[in-house]
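Please take these sequences and the hints and turn them into a complete structure.
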Amino acid sequence: MSITTKWIDIEAADGTFGAYLAIPHTGKGPGIVLLQEIFGVNEHIRTVAEQYANDGYVVLVPDLFWRIEKRIELGYDDAGWKRAAELMQATDVAKAQSDIALTVAALKAQPALDGKLAVIGYCFGGRLAYHAAADGLVDAAIAYYGGGIQNQLQRADEIKVPLLMHFGAADSHIPLDAVQKIAERFEDNDDVEVHVYADAEHGFNCSHRASYNQRASVEAHGNSLTFLSDHL
Numbered sequence: 001m002s003i004t005t006k007w008i009d010i011e012a013a014d015g016t017f018g019a020y021l022a023i024p025h026t027g028k029g030p031g032i033v034l035l036q037e038i039f040g041v042n043e044h045i046r047t048v049a050e051q052y053a054n055d056g057y058v059v060l061v062p063d064l065f066w067r068i069e070k071r072i073e074l075g076y077d078d079a080g081w082k083r084a085a086e087l088m089q090a091t092d093v094a095k096a097q098s099d100i101a102l103t104v105a106a107l108k109a110q111p112a113l114d115g116k117l118a119v120i121g122y123c124f125g126g127r128l129a130y131h132a133a134a135d136g137l138v139d140a141a142i143a144y145y146g147g148g149i150q151n152q153l154q155r156a157d158e159i160k161v162p163l164l165m166h167f168g169a170a171d172s173h174i175p176l177d178a179v180q181k182i183a184e185r186f187e188d189n190d191d192v193e194v195h196v197y198a199d200a201e202h203g204f205n206c207s208h209r210a211s212y213n214q215r216a217s218v219e220a221h222g223n224s225l226t227f228l229s230d231h232l
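Numbering of the sequence shown is given in UniProt numbering, commencing with residue 1 and proceeding in unit increments.
Each hint should be verified, as a subset may be incorrect.
To be verified - Derived BS3-like pairs: lysine-lysine, alpha-carbon spacing no greater than 27 Å straight-line:
#, residue 1, residue 2
1, Lys108, Lys28
2, Lys6, Lys95
3, Lys116, Lys6
It is worth saying that the hints were derived from the structure and are not from the lab. Just so we're clear, the structure is a prediction, and the values are computed from it rather than from any experiment.
Rendered as structure tokens:
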């Protein structure tokens, strides 16, 4: 048997958006809401969802850019970066956070869900995962190279669930002093982990990008699985 995947529809107050669902071969498991980079729910993000489904999780990935263009998929060339930046700038973050709450509710309604629920986000999605943790939407949260978290530390005391953050030591978008600022803010919170991976650039988990770092990707995935096993 293998995992099963499909798109489902989720109703919002101002329309309907799609979400990519991946179910493990067992037909049930704990849940993960997986949040995209700025490149949409593209092949890479769907592959990550399928990877976690193979690990035994029921994964749901909302299309967060649907109000601008539904199911957009971008690559990592210059044109993709340009369009991705435009989409991120045009996105109403408050509405995206509302969509994430609706996605959590939709995942909780899935018969395949068996257990607790986490959020995992990458880049833009990493920052949104941090906010989802602060909003109390999930039982645990993981943020991969979440840009801008260092500017949202006023929400740190609102985070009451376990949080794992992954950063690259060579990230040209998130300097190490920003990572240090985050780590220092949470140093007294035993439920928050910050991992920094040597020689890893921004997007180190994405095998479709030039910045892919195989060792950092594998180590971060292993740390994430241990974290999820401990908290879900």
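Verification of the hints:
no.	hint	in the structure
1	Lys108 - Lys28	holds, 12 Å
2	Lys6 - Lys95	holds, 24 Å
3	Lys116 - Lys6	holds, 22 Å
The structure meets every hint from the earlier list without exception.
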